[in-house]
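**Student:** So you can see what is in the structure, the chains are spelled out below.
2 protein chains.
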Amino acid sequence: MSRIKFMPSGRTINARKGKTIFQIAREAGIHLNTSCNGVGTCGKCKIKIIEGKVDQLTSSYSLPQTLQDQGYSLACRTVVLSDCTIFIPQETRLLGSELLEERGEIHLTEAIDRVGINPRFRRAYLALPYPSLEDNLSDWQRIEREAVKIWPGRQLVPTYRVLQEIPSLLRDSDWKVTADFFDRGDALLLTNLQKGKKTIGPFGLVVDVGTTTLVVELIELSSGSVWGKTSRYNPQITYGEDVISRVIYARQEGGLSQLQREVVKAIEHMAKKLIEESNLSPDDVSGIYVSGNTIMLHLLAGIDPSFIREEPYVPAASFGWWEDASKFGFHLLEKSLVYFLPCVASVLGADIVAGLLAAGFDEPGPLRLFIDIGTNGEMVFGNGDWFLACSCSAGPAFEGGGAKHGTRVIPGAIEEVKIDRETCDVEIVTVGDMPPQGICGSGLIDLLAELYLNGIIDRRGKFDFTCKANRLRKSNGDYEFVVSEGEDKTKDITITEADIDNLMRAKAALFAGIRLLIQTGNVSIEDIDKLYIAGVFGRYLDLEKAITIGLLPDIPIDKIEFLGNTSLLGARIVALSQDFERKAKEIASRITYLELARSSRFMDEYVSALFLPHTHLDLFASVAGKIPKKKKGGSC
Amino acid sequence: MSRIKFMPSGRTINARKGKTIFQIAREAGIHLNTSCNGVGTCGKCKIKIIEGKVDQLTSSYSLPQTLQDQGYSLACRTVVLSDCTIFIPQETRLLGSELLEERGEIHLTEAIDRVGINPRFRRAYLALPYPSLEDNLSDWQRIEREAVKIWPGRQLVPTYRVLQEIPSLLRDSDWKVTADFFDRGDALLLTNLQKGKKTIGPFGLVVDVGTTTLVVELIELSSGSVWGKTSRYNPQITYGEDVISRVIYARQEGGLSQLQREVVKAIEHMAKKLIEESNLSPDDVSGIYVSGNTIMLHLLAGIDPSFIREEPYVPAASFGWWEDASKFGFHLLEKSLVYFLPCVASVLGADIVAGLLAAGFDEPGPLRLFIDIGTNGEMVFGNGDWFLACSCSAGPAFEGGGAKHGTRVIPGAIEEVKIDRETCDVEIVTVGDMPPQGICGSGLIDLLAELYLNGIIDRRGKFDFTCKANRLRKSNGDYEFVVSEGEDKTKDITITEADIDNLMRAKAALFAGIRLLIQTGNVSIEDIDKLYIAGVFGRYLDLEKAITIGLLPDIPIDKIEFLGNTSLLGARIVALSQDFERKAKEIASRITYLELARSSRFMDEYVSALFLPHTHLDLFASVAGKIPKKKKGGSC
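Chains as they are written, first to last, in our numbering: chain F, 61 to 696; chain G, 61 to 696.
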């Protein structure tokens, strides 16, 4: 029998020699990702041998050489011959269907395969010769002499923090250490030194600072494996739900540093959890890669964002640089270096630049449109050589805000709505099949489309009382439609005419932005080869309905792809590859940003889009066929 | 009449138009350096026109073009035509005779002339276009866009601290700012931003951290002008006079950071004084250049120096790197960057590397010997291509330590001694002509030579009682010679046989080191083309006497040159020129350091040197002629 230890959980299982790791894991109830069921063809069950003797079965799938060099192999093709320590990367631990960013992950893997893994941080094991009277170089020079053998011709520089630790650490470790270096371009910086030999790492923390949600991933930079992922609300919410109220708070005495402290504390709290779960130490985390919108980055960096909200809307920083984490108040990770992904403009942040990387916009190709829908609808249109971008203020309509019974995506949020044409009955699907609590963004879009297709609202979004819908009523001076009945009338979940107005304005702003980009690019909607939708929002969106209401352009649905949290994915690509760090800056600098604040063309497009699906029905040929003939005196 | 304002004092004088600045200054009692008395041939009265209209008279001396470009001209050739603001550099303010480092200054000027002024820091005035909706780049990109016009092709990076200030500073200054950049090699780092246009600067602080004395200079990096200089005792003295006791103190809980705080505080205190005297702000100081011995640098950097004193004598760091000043506890100068000059070994510090630069050792040439005499006698021998170095522990003998009436160079210290052959009377010269307080290093060397030349001590340094010197006596079991009589016997200043032993051991150690270097270099003493003596000690040294006692090798006196505080001068060269920063590292890496700790050859040489002047008299041919025939029963 052998003892097989599975990392990062540390769970240890006794198993017969000669079994595959896939079999051993399955028998122990550890489910590894697979679609070939362990016969070596799908390549999804990759694991890393940290310690122990194994044998490899033949396989029709072959792992990239760079992964093989780092000890990766397929669990179903790896037979254990001794006690082993096995590391299961995040992507192998999760079943494919559980991945929020499945398509995005595929893009990322393809992108990394294209350029190879080449992070800024490098780890080296150094067994230093003992000092003697004949060889009494300084401690640092002793390290330098060995490290330069690995990277000939490179200039090596110590960081002050590490220098302070060097004398005792070298002597306590019998002169055998693992050194982490940061490639600054002109020199390799020694950023960390640990006792003995580390077979894994170095690690990076990938952070998406959303206005609402923080997401943090722990990744092994040398392999690209995700070791853990966690998310939580951005604690800055206490100081304002939206970015504007946070900017206002930041202007108060001490407000900016308070907001900075909150978000740094939250990131470190999440990092601590991930580091502990993986049995690592904070010293293993060399780099922190931060993506997010321009204001969130200013707040994390502690830089005054005031002028972002005042004409002519100028941010202080466009980022795209490295700094010591300690400067921003990181304590646990004080030795790390932080990279802020580059921003383009006040309302076009690093999250969008990251998104473009995740969507493969760094490669020249056909015309593609990238949309990230939130409070603002940011969109970029281009072919990899040129990029046009704009940002339309959609308000919080698609996040469930601005509607009487609107809600975020919480358990019980109505996410799908279907209205029966004959009976006018409303079928709803809620998140987690919980009792309905409100209507989230995707539910509102469904509802708008269903109300329109069933003639309950007209093209202007106004209720048509000629249809005598029994779910239509007047409440507090506004007309509303009952979506779901509660115990009594006051508990009903409804949509009001004002809610519909809000939605109409939001979808009109987004579509006007799309039209403006396409017209400025001198092409037409049919020329769009791909439409990528970023963000969690996209995941729940019914595309057909989104086209029906005129939110998305009328293009074949197979041209549309959801990419998930591309802000996070893009930051991960940057973490894994210096080429992508460079590409991020290139893309950011090549984007032509269209300022809509005073654009009369945008206003014209906006007004034209304030109809269902649009003033110009010829733009929505596929919708035209679905619009019902007006039905008089129906049962609704 | 015009109003002429002299900086940095700020003194303003009314003067008739058409007069030269030299005349105006002289009439107002401001003495400018000159040796041609204002006729335009010596080039010593250079000043800088900060503001105002002037005319230039023809001159037979022409200032280097780089200085002219910066507004420098000769005071005696500059005629005022309007109100003017004139800056008088330190070297023009001081008379040549007051310069402690006259020879060293000349070397420095030659060196800088050779490579040109090319500091790491560059200052640029940027008048930024106002942002608009059509041009709403981030604040940082607006700065970058203008700066890159000055330095095309360079990558520009902001530092975090400056970024935090950018938004309000740009708007408060009507978008007109002076920016300081640090050339990191791969990128230009924006390290400081100030409102409006600065016509002077950027500035650097050059610091020599001596075990006993701190010296700080304020220099304008763009011109090389010294704006001020100050010195004081190293406050670490409270924690131990010599380096060893400080290393011991540093090992105590909190000891290291206490020593670091003390020296940083003292440097900032001195910096504050210099900055205020020059009407500058701390923000004008971009770089701090630190030289000193290896232990002093460890203590300033807050790095444990313990292992320097334990076999095999290994320092933690060899320095030669830049770091943020804030990391070392600088507050006033928290935005500055610090450069620590490179060290070679535990007992061969940055002060010696700096010294070699100041002595022109970066240039290939004849065989030269560089000696810095203090508690340790550090010496380097080479021809610019190769360098041999060693460090001999001389003890504090030449600093007046280890002698019953020894003293540092203080007012009243006996610095010269002459014994009358016939009467045995002792003539003394004291520092500042004050009543004698003790004997300093140069006085002790004089005394030893005089005692020997007058037959009062023999070649082993023992008193010869056959000469019946009436100044010889026994006190507390030891024999002593009365140098200066006090009010009563207990106030006499004497030298004891034990003192002489100490001196003999010290000079023997130094000469043994010199011999070892010369033998290892496979040459003989006659091959030495130049002997440079660094340090304040050298200034008071009577060379003939130093040769007489066998401290210095017997070479023609015109081959010997005093250079003054070469640690400071070398640091200044590094501040003014990136080439010299590189050269410093090159020299440091090319030095072959001979470890004497267990060298039997050194021990042999040492024993041979324990005689006056040496066991082998043929090594001191010039001394042989002076040694008196033994005089029996003289009057001494």
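Honestly, I wouldn't trust all of these hints.
Said to hold, decoys possible - Here are the simulated distance ranges between beta carbons:
#: 1; chain 1: F; residue 1: 205; chain 2: G; residue 2: 425; range: 26 to 32 Å
#: 2; chain 1: F; residue 1: 74; chain 2: G; residue 2: 304; range: 45 to 51 Å
#: 3; chain 1: F; residue 1: 87; chain 2: G; residue 2: 245; range: 53 to 59 Å
#: 4; chain 1: G; residue 1: 208; chain 2: F; residue 2: 536; range: 58 to 64 Å
#: 5; chain 1: G; residue 1: 210; chain 2: F; residue 2: 214; range: 26 to 32 Å
#: 6; chain 1: G; residue 1: 245; chain 2: F; residue 2: 129; range: 27 to 33 Å
The hints are simulated quantities; they were obtained by calculation from the structure and are not laboratory data. For glycine and all other residues, C-beta sits at the position ideal for the given N, C-alpha and C.
**Student:** Could you run down the list of hints and mark each one as holding or not?
**Tutor:** Results of checking the hints against the structure:
At about 30 Å, the beta-carbon gap between residue 205 of chain F and residue 425 of chain G stays in the expected band of 26 to 32 Å. For residue 74 of chain F paired with residue 304 of chain G, a C-beta distance near 59 Å fails the hint of 45 to 51 Å. For residue 87 of chain F and residue 245 of chain G, the hinted distance range of 53 to 59 Å is satisfied, since their beta carbons lie about 57 Å from each other. At roughly 60 Å, the beta carbons of residue 208 of chain G and residue 536 of chain F sit within the given window of 58 to 64 Å.
In this structure the hint that residue 210 of chain G and residue 214 of chain F lie 26 to 32 Å apart at CB holds, the actual value being about 30 Å. For residue 245 of chain G and residue 129 of chain F, the Cβ-Cβ distance of about 32 Å falls inside the hinted range of 27 to 33 Å, so the restraint holds.
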